[in-house]
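Trainee: Here is what each chain is made of, one letter per residue.
4 protein chains.
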Amino acid sequence: MTTQRIGFIGLGIMGRGMVKNLVEKGFFVTLWNRTRSSAIEFASELTGAHPVAVAESPQALAMQTDIVFCCVKDPAAVEEVVFGPNGVLSGARSGFRYVECSTVTPELVQRIAKAFEAIGAGAMEAPVTGSKLGAQSGSLVFITGGPTALHEELLPVLSAMGKKFIHCGPSGHAAMIKLVGNSTLSFMLEGLAEGLVVAQKFGVDLSKVLEVVQSSGYASPFFAWKGGNMLSGDFDTHFAVDLLVKDQTLMLAEAARQSASMPALAAIREVFQSARGQGLGDKDISSVIEVLRAAAGIKTPQPND
Amino acid sequence: MTTQRIGFIGLGIMGRGMVKNLVEKGFFVTLWNRTRSSAIEFASELTGAHPVAVAESPQALAMQTDIVFCCVKDPAAVEEVVFGPNGVLSGARSGFRYVECSTVTPELVQRIAKAFEAIGAGAMEAPVTGSKLGAQSGSLVFITGGPTALHEELLPVLSAMGKKFIHCGPSGHAAMIKLVGNSTLSFMLEGLAEGLVVAQKFGVDLSKVLEVVQSSGYASPFFAWKGGNMLSGDFDTHFAVDLLVKDQTLMLAEAARQSASMPALAAIREVFQSARGQGLGDKDISSVIEVLRAAAGIKTPQPND
Amino acid sequence: MTTQRIGFIGLGIMGRGMVKNLVEKGFFVTLWNRTRSSAIEFASELTGAHPVAVAESPQALAMQTDIVFCCVKDPAAVEEVVFGPNGVLSGARSGFRYVECSTVTPELVQRIAKAFEAIGAGAMEAPVTGSKLGAQSGSLVFITGGPTALHEELLPVLSAMGKKFIHCGPSGHAAMIKLVGNSTLSFMLEGLAEGLVVAQKFGVDLSKVLEVVQSSGYASPFFAWKGGNMLSGDFDTHFAVDLLVKDQTLMLAEAARQSASMPALAAIREVFQSARGQGLGDKDISSVIEVLRAAAGIKTPQPND
Amino acid sequence: MTTQRIGFIGLGIMGRGMVKNLVEKGFFVTLWNRTRSSAIEFASELTGAHPVAVAESPQALAMQTDIVFCCVKDPAAVEEVVFGPNGVLSGARSGFRYVECSTVTPELVQRIAKAFEAIGAGAMEAPVTGSKLGAQSGSLVFITGGPTALHEELLPVLSAMGKKFIHCGPSGHAAMIKLVGNSTLSFMLEGLAEGLVVAQKFGVDLSKVLEVVQSSGYASPFFAWKGGNMLSGDFDTHFAVDLLVKDQTLMLAEAARQSASMPALAAIREVFQSARGQGLGDKDISSVIEVLRAAAGIKTPQPND
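Going line by line, the protein sequences match chains A, B, C and D.
Using this note's numbering, you'd call the opening residue of the first sequence number 1 and step up by one each time.
Using this note's numbering, you'd call the opening residue of the second sequence number 1 and step up by one each time.
Using this note's numbering, you'd call the opening residue of the third sequence number 1 and step up by one each time.
Using this note's numbering, you'd call the opening residue of the fourth sequence number 1 and step up by one each time.
Source of the hints: derived by calculation from the structure; they are not laboratory data.
Among the clues, some could well be false.
Derived coverage of chain C by chain D (criterion: at least 3 residues anywhere in the stretch with Cβ under 8 angstroms from a Cβ of chain D; other residues may be distant) [stated by the list, open to error]: (1) 186 to 195; (2) 211 to 217; (3) 265 to 277.
When the alpha-carbon atoms are kept at most 30 angstroms apart in a straight line, the in silico BS3-like pairs for lysine-lysine are as follows [what the hints assert, rightly or not]: (4) Lys114(A) <-> Lys246(D); (5) Lys246(A) <-> Lys73(D); (6) Lys114(B) <-> Lys73(B); (7) Lys201(A) <-> Lys246(B); (8) Lys299(A) <-> Lys299(C); (9) Lys283(B) <-> Lys246(B); (10) Lys114(C) <-> Lys114(D); (11) Lys201(D) <-> Lys283(B); (12) Lys201(D) <-> Lys164(D); (13) Lys132(B) <-> Lys246(B); (14) Lys201(D) <-> Lys201(C); (15) Lys201(A) <-> Lys163(A).
Where is the CB? At the ideal position from N, CA and C, for every residue including glycine.
In isolation and in its complexed conformation, chain A is listed as follows (with noise of 0.2 angstroms):
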C-alpha cells in the first residue's frame, strides 16, 4: 500500500464503486461533488483503514491530493471541474497528476493532457468499460491513453478498482476506442430489440431467440444480460439512456470531424433519442425495446402472456 493520496470528482453510479474499492483498498482519499451534501453523506458510508474527506472544490482537492481522478458524465462537465475557476489545474503543481476516466472527446483529452504538461504535471486518459458491477467489484478494465510511463506509474492505483489495463497509446486515443465501443454496444442493443420486436410480434417465444443467439457465433454475454431485460421489462438502470445518447453524440460528432459517415449509428441515435422523448432517458439503455414496441404498437410481455 502506497501513501499516497487520492482525490475522486463524480459520485455517479460508476464513481461510486470506484471510490469504495480504493477506500477499501487502504488509499487515503478525499472527494469533491458538485452536490456537496451527497458527497458527505457517500463518505460517511465507507470504511476503511481512513477518513474520507470532502474538499471544498476541485482547486482544493488538487491541492490536497498527489493523484486525482475524474468520472462526471460529459465533456461539459470535464471542461468546468479542470479548466473552470477554482478547476483542479489551478490547484494542480508538478509531479501532480490527473486521471480523467470519463468518457469524452479526444479532442479535450489531449487538450487536458497539454495543459498539465505545461506545468510540470501529467494527465492520462483512463475510461473504463464494465458497468456498476464492475465498478463495485474492483473488476473493471482500464483503457488508457497517455505516455507509457504514466501508464505504469498509475497501475497500483488503478489496480486498486480494476482487473485489465490497456494501454491504447497516446492521449486521445482511448477515448476514440472507447467512443468505438460504446457505439459498437449501442448497435448490438439496437440490433437485438429490433429483431426480438418482430420476433415478438410473430408469436415466437423470445427466450428461444436469446437461446439461437448464445448457441452461436456472434454470442456475446452482453445479449444475455440485456437481453434479459428487454424480456422481463426489468430496466433497472445499470448504464442510463442519457449517457449512452451523450455517448453516441460525441462519437458522430468525431466521425464528422474526421468526415467519415455513421449511417447506422445515425439512425440508432435517433432511436435512442426517442427514448428520451419518451421519458426513458434515465432508464437503462435495454429500455430502447420499449420505443420500438411502442412504434409497433405492443407491450412487454406479461408473465402471465
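Based on the hints, put chains B, C and D in the right spot on chain A.
Mentor: The following block gives chains B, C and D in isolation, referenced to the frame of chain A:
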C-alpha cells in the same frame, strides 16, 4: 447407423460441408444440384462407406430417398425445388420427410409444411448457424421448427452434421429466429466497421480496438473473427455479401408484414447494398468495411503502413 | 368522340374519378371490380350518354371492349388481373389494347407488354400523378412507357382523363419514373414532418414555418397542401399510407435490383411502416407526422392551444 | 434614404451580395472581415454614393456605426464576433442595433438578444433564404425573430437587400424555422439524388424524370435548378456542402435538445458527410449525387453518353 436414404439438394458452401459429414458418417446419400456437372464432380470426390449418386431431378431424388435436405440460396430457389415441375413435392409419398435448411421466410416454410402434411408426409425447417467451418467439421447448430415428434425423429441424422439442436416451436418459428439472428450479426458487423473506419482515420492502432472490445462485456467470438478480416483485408468468403443482403431483405419484408419498423437494419442494408454496387457481392460480409472506407476516402491499412 | 369501347378495372380513389370522366365525355364504358356489388352500385350512379355495364371477369371485359385500363393497388393484383385464370390476357385478341395505370415495377410492366405483343395486341403503361382531385376533375398527368405510336393512338382516350401526357420511353421507363416520383414526395413529406415536430416542441407558430417554406426557392404546392393537413390534423385520405409504403417498398426493391443504395428512403420507409403499426395505414400520407409526434411525446396542436 | 451608418461583418457568398445592394442603394457602409485584405479589396470594388470603409475590429465597427449586420459561417464565428475580445458587444451602446443573418442555433440567438438588451441596445435575428442569386439581386427573403417594433424599425434597411420580410415571433424562432427550412431542402436534394441514381442505372432519360416531377403537385423551382446541376455535373457553388452539413448538424442538435428524433435527416447528414470525406465539401450541395453515384458504381452521364 440407420439405413435411411438421404437426399441432399444444394451444393453451396454450407451444403458441401453437410454432405461430406453425412457421407463420412455412413449414410446413403444422393445429390441433386441445379448444375448437374458440379454434383457429379463433387460426388466423385467424397469418400464414405457408400458411393454417392446424383439424381436427375428433385422429383427423382424424392422418389429414391426417405429424407431430403435442402440448402439453397433463396426463397425463389426453394419454391422451384419444392413446388416446381419435377419438384420434391411431386415425388413425395406418405412417410416421406423434407428438411428445409435454407434461410427463407416463415411464410414459405409454413406453406411447405402444409403441402407435405396434406399428402401424409412431413416437413421440418432446420436452418443452421455455424458458417463454413461449422459445416465442414459437423458442428453446426440446427434451429428447428415443426412438430416435436419430427424434431426427435430426425435428430439421429442431424447429429451427423451438428452439435446442437434447438427446437424453436411450430413451423415458421425457426425461420423467424434465423432471420433475427442474421439481422443481429449484420448490426455487429456494421457497428464494428463504422467504428473502425473512424478510428483508422483518427490514427488509432486498430488491434487495440479489437483488444478493448474483446475485454468488454459485449465481447464476442464474431468480433475477433470478422474484426481480424477487417484489419487484414482478407475477405475470403465464408458468408457472402449477396446472401446476407438477401437475409436482411427477407427480415425487412417480414417486419413490414408485421407492421413493425427496423430503422437501423434498413440503414445497414443500404450500406451492404452499396457493397454489391461496388462489386463486393461475392466477397465475405466483413468486406462491408471497404464501402465505409471508400466513403471516407481511405483504404485498407497495408502491412507497411 | 370515338366509338371505342373502354373497359376499366379497379374502382379505388383514382379509378372512380377516371371512370367518371370517361363516362361524362361520352365513352362506352364497361367495368370490372373484384367486389362486384360495388361496381354495380357505382355504375348505377354514373350519368353519361351511355349506360355503364359491369363484366363478369377481366377476361369477359377484354372480350367486350377494345381497350382495357387497369388501376389497382399493387403488383399482385395486377398479376392476377392480367395473367390469372379469366385474366385480361386470356380475353385479348389482335389489335386489343391494355393500359396499365397502377404503380407497379418496371419488370412487371415489361412482362405485360411482351405478353400482349406476342398475340398481336399492345400494352402501354400509363401511371398517373395528380391525386384524387386530379382524377375527379380530369386533370391528371399521364406518364407513359411503350411504343410512341401506341402513345399517340391512345391520346384521345387519355385526354378524357388528363391534361398532360409525357412519353418517357420504352416500356418500364414510366414505372421507373413513377417510383422515383413517389419516392421524392415521400422525402418531402417526411422532411416537412420531422421539421414541424421539432418546431412544435420548440414552441414556434407552425403557420410561420409553412409561410417561410412557401416563400423560398424550395416552395411547392405539395407543402401547402400536406403541411396544412399536418397543422390541422385533418388526415382525410387522398393518398393512403399503405399505398405509399407499397411504392416505397417497390422503389427500394428496384434500387436493390440495380445494386444502388437509397439510405434515406430506407429510413423514411421505416417511419411510414411505424404509421402502419400504429393503425394509420388507411389514413392520408400526411398522417406520418403523428408517428413523429408520438415518438417525441407530443400531440397534434388543438384549435385552442 | 436615411443617414444611418451600417456595419457589415462577413464577406462570404451571401455577404458580398448583401453589401453590394446596401452600397448601391446609398447607405454609408463600413466592413469588417476576418481576412482584412479581402475586405479592403472588396471595398475598393464597390461603387455607391459613399466610399466604403474597413474597420479594425468588430468593436471598432460597432463604435463607428448604428447598425451592424453579421453574416458569417457558423455559431463559433458568431460567438467570437459578438462576445470575443474586441467583439461587437464591447463596442455597442444604448440604441445600437445588431442584426444576426447567419444560420445559427436558437439558443445562441436568444443569448445574443439578452446581452444587447442588457445594455439598452437591441438585437434581431434575420437569417435569409434566396441563395447567391437572391443576395446579388437584392431579392432575399428575411426571416426575423425579435420584438415586432425592432422588425419594423429595421425594415427600411432590410428592404435594400430583400423583397419579403416574415416576422416569425420572438428571438430564436427565426433560427428555428431557418433550420427547419434547410433541413427540408436537404430532404429534397437527397430524395431527388437517390431517385436519379437508380433511374440512371436503369437507363431512363433523366430529363424525363425532371419533366415528370415538375408536372406534379410536388413540383418546385428547387428541383429544376438543382436537378439540372445533377444531370449536367455542373457543381459550381451556390450553397456549399460544408455549410449545409453544418446546418443539418445544428438541426439534429436542436432536435436532440427537444428530445425529438429526426431519423431521415440523420441518414441524410451521413450521406452529405461522405461528400465531405470524398473532397466535395466546398462544392455545391447538388454534388451530393456524386456520393450516391460512386456507391452504385456509376459516373455522371457525359454529353456523348
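Trainee: Against the earlier hints, flag every one the structure doesn't satisfy and list their numbers going up.
Mentor: Violated hints (numbers, rising): 10, 12, 14, 15; every other hint is consistent with the structure.
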